[in-house]
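A.B. asks: Two chains, each in its own frame: build the complex with the hints.
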Amino acid sequence: METKSVLLVGVGGQGTILASKLLTIGLMQAGYDVKMSEIHGMSQRGGSVSSQVRYGRVVESPVVEKGGADILVSFELMEALRWLEYLKPTGRVIVNDFRIAPMPVINGDMPYPDDILQTLQQVADVSYIDAAAIARQIGSDRVMNIVLMGTIIKSMDLDSIDWESIIRENVKPAFVDLNLQAIAAGMAAV
Amino acid sequence: MKKLLTGNEAVARGAWEAGVHFAAAYPGTPSTEILENLSTYEEVVAEWAPNEKVALESAIGASLAGGRAIASMKHVGLNVAADPLFTFAYTGVNGGTVIVSADDPGMFSSQDEQDNRNYAKAAKMPMLEPANSQEALDMSKLAFEISEQFDAPVLLRMTTRVCHSKSIVESGERAEIPLKPYSRKINKYVAVPAVAKVLRVQLEDKLSALREYAETTPLNFAEYHDKSIGVVCSGVCYHYAKEVFGENASYLKLGFTYPLPPRKIAAFCRSVDKLYVIEENDPYLEEFIRTLGFDVFGKDIFPAYDEQTPEVIRQAVYGKMLPQLDYERSKVTPRPPALCAGCPHRGFFYEIGRRKNVMITGDIGCYTLGSGAPFYGLDSTICMGASISMGHGAAKMLARANSDIKVVSVLGDSTFFHSGMTSLLGSAYNGGACVNVILDNRTTGMTGHQDNPGTGYTATGEPVTVINIADVAASFGIRHIRTIDPNNLSEVRQTLDEFLALDEPSVIITRWPCALKKFSAEDKEEFGAIFIDKHTVDADKCIGCRLCMKAGCPALSFDTAQKKAQIDAAACLGCGVCAQLCNKDAIVKAQEV
Ligand SMILES: Cc1ncc(C[n+]2csc(CCOP(=O)(O)OP(=O)(O)O)c2C)c(N)n1
Ligand code: SF4
Ligand code: SF4
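Those protein sequences? They're chains A and B, same order as listed.
First residue of the first sequence? That's 14 in the numbering used here, and the numbers climb one at a time after it.
First residue of the second sequence? That's 907 in the numbering used here, and the numbers climb one at a time after it.
So that you can see chain B by itself, here it is in the shape it has in the complex (with noise of 0.2 Å):
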């Protein structure tokens, strides 16, 4: 049946067809919606892992007894995950086994924007690179096939614009695959030195025919037109270059890209007059491409950053886009984005961002938004799980330095029990001195709302038993722990007075839902009376002097020409945090009016 389908939807939707058995994953942008779908097929177990490493492991355990497994991520997820990806390189596989990873070329939502191609290679694991939807069906179902053919996890290279992209999909059916038998080989799960050392040699076995796999599979091809110019590339840059140059030129379109198969290369660039290589990040096609001898244009006209669209390819080759409007662009005002109406996060960085004298090192989530305007309340986001760590080490410097300002930690429970967890640990053992601050709202905010250890339900909606923070801490032997309402500006500020004068770690919880969280039945006990009284400007009492306004709240706004506050009624959520600002009481209750 044809249907239009993500990129992510279809790797889904290929995985089981290839009757996946098993699926992992930690949310990211663009990654998310695969496991997301994955979850709706009832034969296939689908889990929420706390985060990439273990959610490969998961896959690695449900490989070697037998199933068919995926694991997904975003790129820098594979960062994290990276430590089992190396030596599961080595031992292969027992069930079939997929890895995606989804870069973000022009980092759409992403704090870098790395290529990885590159872990393909150093890994040493085949590497295909879906185009479109279909092709990234047909890949997710075939590189379970692969795998299980050279015994060798396959990485799944996926891009935003792949991702999330729609386009027309033929799909099929599932095939019932049963699990393979499970017995113990400790020659080849082992990895200890004496079997690593025989596996390595292995590997390059495998290599190689995977490198004569590359050179006739029809995953690799050239597309002949006019010869006067060749294209290679590889996902969906083959559509950006025909978008441009449509029959003008011919490509090599390369969708299985680790290894890369030389003959067919060198057959394609001899067979045209002038050679581009167009690739999203680095050099990858490029640099093997120049060892085969051939001169190509490359990264040295196309950016070596951002997305090769057909407007920049077009730049690139003929030094101009397609003709535009002539207007004042000057008039067209930024549009970040910020902290939702009614944003639990939004008190804490009130009060946070009017301290002196504190280094806030910060995480990733939602609540990276509190290191803009009006809040400042930031001063580094490195990776998830930076926070405490960072903040440990900084406190130490600080101290040798003598210096008077004291370091706050800030994370969300996501990212707590992703990797904020053993940074917690770190400090504690080590004996750090900060106020550690985990904003509690839920949920996985930043990603679309998915569950994680602390909500009391799976990926697929089962309850299960709630990983209270307070008590992870209470295990390391944190002493000062407190959980306050981050909306009562009064309590925040007071346990933050108290908890910045220890000497020892403390751990703040603010413990508040997401505005756009679906609430759960135990949401609905603990928070249900909540949120239900929308405040509103007495225009009376209002007299324009602006304090509200650094509530930085989108359902708030100034009348320049009444000079007078008022409050968008659609969209504010009651949460007071503009009232306890204002010190007229002019912000109040929409029913008391």
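Chain A with its partners taken away, still in its complex shape (with noise of 0.2 Å):
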């Protein structure tokens, strides 16, 4: 099989690495190869951040390049834009209906455009969900980024893996039951 490149990219603090890293390790047990690359150091600062999985038989580079993603899942609108260029011309592009200022924007110095969401769309297949209204109506804000990870194992067709054990063994049991209905409502979504 050919390998799989997958980008989950946000703001330091949204959750994206936990989220890649129930997805790798549900990648594992279902008996892929895996690589995972994420770069630490800035990301607690309110900076960008990305986490990039690769899986397949054999997974050489850990990190997707340029034109090189199946699927971009943004945790934040502006965000998607900016890692667009990773995507594959046929990839698929999930963007979280949510906002964060960057500095030169809380400064005055730049506006937050209005028009990203439109110029996503007119190039790349664009689903736009709302993960942190869907992660309320299930119970808590905090599962925003399971509600995308269960986008990822909808489009990417991962739903054959065993996720609830994946999730048992991995969050706290008093967060179970909320983190599976995370899931499968972020496959409803997509």
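Hint data in this document are derived by calculation from the structure and do not stem from the laboratory.
Careful: at least some of the hints might be erroneous.
[To be verified] Calculated lysine-lysine pairs in the DSSO-like style (CA-CA distance at most 27 Å, straight line):
id : chain 1 : residue 1 : chain 2 : residue 2
1  : B       : K1423     : B       : K1440
2  : A       : K185      : B       : K1262
3  : B       : K909      : A       : K17
4  : A       : K34       : B       : K909
5  : B       : K908      : A       : K34
6  : B       : K1205     : B       : K1226
7  : B       : K1237     : A       : K101
8  : B       : K1094     : B       : K1030
9  : B       : K1237     : B       : K1456
10 : B       : K1226     : B       : K1262
11 : B       : K1490     : B       : K1440
12 : B       : K1424     : B       : K1440
13 : B       : K1430     : B       : K1495
14 : B       : K1469     : B       : K1456
15 : B       : K1133     : B       : K1226
16 : B       : K1262     : B       : K1456
17 : B       : K1423     : A       : K34
18 : A       : K185      : B       : K1423
19 : B       : K1424     : A       : K34
20 : B       : K1470     : B       : K1490
21 : B       : K1170     : B       : K1205
22 : A       : K17       : B       : K1226
23 : B       : K1447     : B       : K1469
24 : B       : K909      : A       : K167
25 : A       : K101      : B       : K1226
26 : A       : K17       : B       : K908
27 : B       : K909      : A       : K185
28 : B       : K1424     : A       : K185
29 : B       : K1495     : B       : K1423
30 : B       : K1170     : B       : K1027
31 : B       : K1430     : B       : K1440
32 : B       : K1091     : B       : K1103
C.D. replies: Right, here's the structure in full:
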């Protein structure tokens, strides 16, 4: 099988790291070779962050190259546009309806463009979802990242993996049900 | 058991499996997690050293006494530790010793991009370069054997991608290695010139033996497919190259990269038609291969800087990347990192940024973010500890030029203990007259909140005596030392006014915990009552003047339609800095509305 590349992007603190961690554990248990790359460092200071997950029979590079991602899942609107060049022209974009103003916008030096979604939609296959609202409906804002992980599972046809046991093994017992519901809701949203 | 590990986790695991007894490090991205992981194994004595030189020297001592030892650091940390490094290569080891250098091609979180493979060559010590987490574990383990077999410390050279990428690893169990007996060996460990001259000659013999090892070790292997292209590579570049060429090329993958094996390399180069050398940063392999008389494509086509990711290789070799979507990239707004909401550095940078006629020599830490918008509160950043010493030299010259510019040096608590302490000593000794500001946020913030000598806890969470910065400064004979609350802007302003008027060195300590720090029992007692009153904007009073935006706080934003400031209640920590900027008292504690 050809190696698949998943790019999860967002802003430091949005939970991309946990989502990609659960995803990679699932992929490994399903028998795939898996590599994941993350850049730490500035992530806690409100910078742009990415988790790059690649899986297949044998995976060489841990990084996704420009034009190489099968799916781009953006936890924040502007970040989808920043990372769009990494998407395969035939790839799919899932964008969360969530804006976090970067410092130049906060300082008033630059606007937060209001036509980002249209720009994305003009060139790519885009699903726009309100993962925060979905998470809130289930019971907690904090599983927004797991809702988005659900969208990846659906889009990449990974639903035969036993996500329930992976969640059970890696999440505190009190949050297992919430996380499972979040995955299901994410899968239903795309 | 199969696990997904980062390269750093794998290095720690490999060292543990090798029976390592002693580990020391100073934090630094991308190396920090190696010691953090080692500190979780109870068989290992794991310590945060105040700097990398101390870390390496402690490891050398542990080796001398018969333990297996590891010292880990980021690439620039090895500059700090370079002095013991070179002589340690002469004396060799008792217990096997590994030094991990985590380089940062692409400078994701560093001030330079130096290639520390040059250190192995310069210090004449064996070097291993893993390409993935399995190799990181295996090589970390093997390095201790090599170290003892050849009586040499081993450099394990990592890079950001190897440190921070996860891949599948088969791990093993720990071998409990007894400490080697210690006996005094003056002719081995007392490197006075007469001894060192003998050791220097012996080092050449060790290197010859290591060169033979490099010829035969499976860490250096050729992988033959299509021979029209041959790629010589090390580290993660092996995977990058295979991503691009697959089986359309043959590979010589070098994992043991000092000393290099001339015969093995020549045999590979002769067997392929077109030769590429793919490596990050310096033409380290390329220059060696050229001395063997082979012509290669190297830094003439590949960039000498940044990562050599598949897209970079594709561009260099084929002149094009993978096809990408065409869209308007100019709409993307940059997202630079910023001081967190509630960061204790904010109040100080607001005040210092407004001052005219000051030169602010800075240092390395979260506070380096004070150099950007909206504060513009730094004139220089070179390396850890340089703020005070550079400020000292600058002040001497400004005084000679009869300039009325005053110098303020700014550094953090961890940086003070790292090397700022000796800089302050130099300035006190040599009649300096700078204002030295230590931003004591009670932690090593930038690298993810490690303890340091000022926090009262060790790497393993043991409570210890708190080293008091004011006491250290006082012991240098500094007479003007004041500890202040950085969130109280008038206190910051008045103290700066007062100390800038002095003609002798002074120290201001801003003492307030990092907004992301997990509070210790002592922190809770000292600061427990703070940061509980979130702030909010009283829209009736706000006139839309934007003065509060000068706080540069991510919790604050300006609603251009309503022409009012607003505060994100979820993000605000209630430090109150923005409230002090407002002339109309429009920013108030949330419960007062
Ligand atoms: C020689 C060296 N070692 C390590 C680092 C990595 N590093 C950068 S900033 C920093 C810590 C800064 O801590 P502190 O001075 O307390 O400031 P804070 O980030 O908490 O504001 C470290 C360890 C470095 N840049 N140079
Ligand atoms: S981590 Fe701490 S010191 Fe660093 S910017 Fe955030 S609050 Fe400030
Ligand atoms: S009080 Fe003001 S400056 Fe402090 S965290 Fe809240 S919004 Fe930011």
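A.B. asks: If a hint holds in the structure, say so; if it does not, say that too.
C.D. replies: Each hint, compared with the structure:
1. B:K1423 with B:K1440: Status holds; Cα separation ~18 Å.
2. A:K185 with B:K1262: violated (54 Å)
3. B:K909 with A:K17: Distance ~20 Å between K909 (chain B) and K17 (chain A) Cα, so the pair holds.
4. A:K34 with B:K909: This hinted pair holds, its Cα atoms lying about 12 Å apart.
5. B:K908 with A:K34: holds (15 Å)
6. B:K1205 with B:K1226: Holds, at about 18 Å.
7. B:K1237 with A:K101: Answer holds: K1237 (chain B) to K101 (chain A) is near 20 Å, not above 27 Å.
8. B:K1094 with B:K1030: holds (17 Å)
9. B:K1237 with B:K1456: Measuring from Cα to Cα gives roughly 25 Å; hence the hint holds.
10. B:K1226 with B:K1262: violated (50 Å)
11. B:K1490 with B:K1440: Holds. K1490 (chain B) to K1440 (chain B) sits at ~18 Å (cutoff 27 Å).
12. B:K1424 with B:K1440: Since the Cα atoms of K1424 (chain B) and K1440 (chain B) sit roughly 19 Å apart, the hinted pair holds (cutoff 27 Å).
13. B:K1430 with B:K1495: With Cα atoms ~21 Å apart, K1430 (chain B) and K1495 (chain B) stay inside 27 Å; holds.
14. B:K1469 with B:K1456: Since the Cα atoms of K1469 (chain B) and K1456 (chain B) sit roughly 16 Å apart, the hinted pair holds (cutoff 27 Å).
15. B:K1133 with B:K1226: holds (23 Å)
16. B:K1262 with B:K1456: holds (17 Å)
17. B:K1423 with A:K34: holds (24 Å)
18. A:K185 with B:K1423: holds (23 Å)
19. B:K1424 with A:K34: holds (23 Å)
20. B:K1470 with B:K1490: Holds, at about 13 Å.
21. B:K1170 with B:K1205: holds (22 Å)
22. A:K17 with B:K1226: holds (21 Å)
23. B:K1447 with B:K1469: Satisfied, since the Cα-Cα distance of roughly 12 Å is no more than 27 Å.
24. B:K909 with A:K167: holds (25 Å)
25. A:K101 with B:K1226: With a Cα-Cα distance of about 15 Å, the restraint between K101 (chain A) and K1226 (chain B) holds, given a limit of 27 Å.
26. A:K17 with B:K908: Cα-Cα ~21 Å, so holds.
27. B:K909 with A:K185: holds (20 Å)
28. B:K1424 with A:K185: Cα-Cα ~20 Å, so holds.
29. B:K1495 with B:K1423: Answer holds: K1495 (chain B) to K1423 (chain B) is near 23 Å, not above 27 Å.
30. B:K1170 with B:K1027: holds (19 Å)
31. B:K1430 with B:K1440: holds (18 Å)
32. B:K1091 with B:K1103: The given pair, whose Cα atoms are some 16 Å apart, holds under the 27 Å limit.
In summary, the numbered hints that this structure violates are 2, 10.
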